[in-house]
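*Asks:* Given the coordinates of chain Z, assemble chains E and W onto it according to the supplied hints.
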Amino acid sequence: MDSLWVVVCACLVFFMHAGFALVESGFCRQKNAVMVLLKNVGVLAISSLVYYAVGYGLMFGEGNAFIGLSQLFPAGGSEVSGLPIYVFLFFQLVFAATAATIVSGAVAERARLGTFFAFTVLTTAVIYPLVGHWVWGGGWLSELGFHDFAGSTVVHAVGGALALTGAVLIGPRLGRYGADGRVMPAHSMPLAALGVIILWLGWFGFNGGSTLSADAEGIAPVILVTNLSAAAGFVAALLHSRLRSGGLDLSMALNGALAGLVGITAGADVIGPGESMVVGAIAGVVVVEGVMLLDRLKVDDPVGAIPVHLICGVLGTLAVGLFASGAETKGLFHGGGVGLLGTQALGVGAVTGFCLVVGGVAWVAMKQLPGGIRVSKEHEIEGLDLAECGVEAYSSGTSGVAEPEAELQPSGSLALTGEVAS
Amino acid sequence: MDSLWVVVCACLVFFMHAGFALVESGFCRQKNAVMVLLKNVGVLAISSLVYYAVGYGLMFGEGNAFIGLSQLFPAGGSEVSGLPIYVFLFFQLVFAATAATIVSGAVAERARLGTFFAFTVLTTAVIYPLVGHWVWGGGWLSELGFHDFAGSTVVHAVGGALALTGAVLIGPRLGRYGADGRVMPAHSMPLAALGVIILWLGWFGFNGGSTLSADAEGIAPVILVTNLSAAAGFVAALLHSRLRSGGLDLSMALNGALAGLVGITAGADVIGPGESMVVGAIAGVVVVEGVMLLDRLKVDDPVGAIPVHLICGVLGTLAVGLFASGAETKGLFHGGGVGLLGTQALGVGAVTGFCLVVGGVAWVAMKQLPGGIRVSKEHEIEGLDLAECGVEAYSSGTSGVAEPEAELQPSGSLALTGEVAS
Amino acid sequence: MDSLWVVVCACLVFFMHAGFALVESGFCRQKNAVMVLLKNVGVLAISSLVYYAVGYGLMFGEGNAFIGLSQLFPAGGSEVSGLPIYVFLFFQLVFAATAATIVSGAVAERARLGTFFAFTVLTTAVIYPLVGHWVWGGGWLSELGFHDFAGSTVVHAVGGALALTGAVLIGPRLGRYGADGRVMPAHSMPLAALGVIILWLGWFGFNGGSTLSADAEGIAPVILVTNLSAAAGFVAALLHSRLRSGGLDLSMALNGALAGLVGITAGADVIGPGESMVVGAIAGVVVVEGVMLLDRLKVDDPVGAIPVHLICGVLGTLAVGLFASGAETKGLFHGGGVGLLGTQALGVGAVTGFCLVVGGVAWVAMKQLPGGIRVSKEHEIEGLDLAECGVEAYSSGTSGVAEPEAELQPSGSLALTGEVAS
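Chains as they are written, first to last, in our numbering: chain Z, 402 to 823; chain E, 402 to 823; chain W, 402 to 823.
What the hints contain is simulated information worked out from the structure, not anything from laboratory work.
A partial selection of chain Z residues facing chain W, derived with a Cβ cut-off under 7 Å:
(1) 405
(2) 412
(3) 416
(4) 419
(5) 426
(6) 438
(7) 439
(8) 446
(9) 449
(10) 485
(11) 487
(12) 488
(13) 491
(14) 790
(15) 796
Here the structure is a predicted model, which is why all the values come from computation and not from measurement. Heads up, the beta-carbon is just placed ideally off N, CA and C, and yes, glycines get one too.
In isolation and in its complexed conformation, chain Z is listed as follows:
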């Protein structure tokens, strides 16, 4: 029964990748939408293969406080945490893919596909598994009593920190900042909004499955606080962005919901419903400020991945120290003098620092390769869809009501005798 619950939750987390793909392609410009989709489904495919082959072993294999060193291409038959290993592995696999796909949004519309996929391999084979080993694989942070229930740090701060390295080192989109810099609006708000609802839904699996058991008493509050924090984040971001800009900003409100979800992820098991609304509301305000701050710093993050995942991942990790209720805090805390909040700060700081360094080094190294890490100016201006994928996201030029005339012109050509069967 535990297994079934975890498989269902893994399916919900898998579905989050539809959400990420929609949010990113919706928020980006039309001329790059196909490339975004290719990148997002590609991350899912590559992560699946790489994490199975290598990442899982480095994360959960036998090893030391810093790395696991067994279980490459893991065989079936054994159990982990009371689950068949392949159930546990599949659940972990969709998490790894989540961390990797967060990077995608921040470097959208100008990263080279090849180097991005190479970075994805690095993320899911090494970076994410290492951090995961520290926190969930019995490593040094778990020894310290660091508490990250479903991954505010392990998934979201990791993905968000790597996203920051990419956004900074690849640089902003052409024309985004500078003398005549301009806002580049979402090409499809319906896709983006659908994506966020799907992510919100998937988060019930993300947090709910992290109990790794079908214990209803444990699952029930996790699901409830996840929902309340998202709701509070949405409302807070809508109100706060209204205060700051005067308008009704759907993008900000949607990112507010995601911020609330990221914010409650570390402590969904130890934070009560009332406090979860506070966490969500803070995250909703913080994400709006974060988006504005990044723009002032000219860090171009087309979808808001860095404020949502890095900033609110840090926030959520610290929220455990601030909002976990008394009895549960005692259970968590065995980290010594610095207290739970200090342990949380230490953990998320170490993880973020590690990711910034490794991610930064990786991008800089790949820059030396022929072609570098960024598409050519010509391709970026033309749009990656036509320039690199050879298609447009919406081929309205060759379809729709404008077509009949064109097709009818050479009237002889319509008499495709033998081809029209009826």
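*Replies:* Chains E and W in isolation, oriented as in the chain Z frame:
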């Protein structure tokens, strides 16, 4: 195990909100699509907070035959109907949000966001919980033997009646009726169709979870009849609208599927497969007639929320009296002289009347506020997306293949030295 | 518990129909998108009714080696394979609808709706149930030891073979081949990509539920290999199409994922993770070649249904003979002299041949009806949406920012006194 089933079903019902958002934005005009999405996700967020804080207590708290009066901000740890309270609460919460979001479609494209959200608070804090208490919380209608398995009355007739008050009191969209009135076609049929499939899927959770237990013998027929009724509704509406108009009307057929789903909701536990197809087919015909009737009455309901949810909600409630099989009817019926059909009519009549009065009074009262309940003519004509949200749903003007030339014009501006990193 | 698992999986398979609808409408031209949606939701509705009424009985009723002959309009209360009959029936029903909907993609944009729906009735009432009876209903192929775990043959080769008959006998779209033949690009890549992710998700239910039990040890590897094969198919198709054409072809990569899924479906219970990646990679290469081959043969298949479902269905069936591991192969094999691979070849050959004959005869017979099996040239050129459904998929002509001026022209008409309520 019961809890897991109910949580999974709650997730399916949660996902219905993606369906509602897509159906409503798809059926509306492009110029209002962003506002529709904002409204729909907003309803989900607000309902989550309000129902947790207040609505649940009024619905399921200890009280009298008319209202519950405890369990505001309910604490965890206890059980309800054999489920952990937060499992039960989360399932009820997504139902409450469903009732609230039904209203949204009928007032789309011209309701003011602020007053609509205020109405949402009223719906999920008071109106829906009161009716819910009468039927599912041990109130007077449950005492009479009124049978509403999953909410043809409690959710759909409530939402639909409130939708009717909104549509009438806010009035039709500019240009919809009158001398040069015209049809306002769906701006995206793919979004609408996807939304309906998602709703159909979610209904398996809506009805299937209403058993509140994981008893497979009970769930199996519920799922089957839900599907058969939807299928029959789709086919009947497609055929009937063809008879009435001569064309193949996808909108009507989709609403026919929803009509079949609403129609079977009250009796999914007591109506057999054969009868469920009859119920669905009737609902499919009725919804087509209902849409046409509302248009003759100049009640502007952009998505057909009133025919689907109010008319078929009433129909479904009465269907229990007409189609429930003998043995099960006996079990249901303890309402005295009027018989089961009479009890059903009394119940749905009382609920609908209550909602029409309370909803009507609320809209009239809010009309007195500065700004009223409707957007300005200027905003309505311009479209709420640009006028109030500051963005378009599809920013094709600033993206796509037309852009490169524009970007290339001031060639100097492309040399954003320092921003292009590779 | 088994029942709950199967119901959840059935819901996932049900959701695949959203995937099919999106893939097909996304890959088709805009002018036919509404008709595609109508056809896809219609298939779901019709299949639901027909399979319940007739198909289930022919597939699982008592009978002989070739056909079941009882259980029309099956009554509830009994058990099948340890599940309540309506759970088992609902799971089988969504499978039947899948086989039927595969045909839809191959004949898109030119098949007549009425004859296509008639073909759907034939498929779900007779063709699919017969084959299903042979393999899963205790018929002659199951006697021979033919192994088709979740339907590479029963669902996909059947759907794909029927699709081939339709594509050939209805003929290619006007203008697709011939002197000035041209590619007809997907009208919406985001819809297509979302559809594929949904299908990938749904496949966890498709394969995972085919265990018909909640045995976690059995489910775990099935889910894992399903995911790995899809991932390998995506990557292989992306790389192989790049080799063949030089570009980044999202359509091919998406079809590669589907190819991997179809390819692993027959043997998901007996093929290990490592081999599953091989199967997926082969399927990804084969589907690219298959698409190109069909184009050389001038068989017009707008979505690639034939390469994905027929070719990879055959491949997946044979893969059981090639890749099933030793111990499991022994368990499977009781077919006599030809060996497991021979049995698999015999089975899929017989099924495919049967479908080609029956499907071909059916289309030819329907061609004799007034109206035939293909829409008129005029309708095809105008687009089926405007010509037959009376609407466009995207009504941008009547909405958006261009509208205000038009509405403001007859300024008197705006003063719809009495209609504007606030």
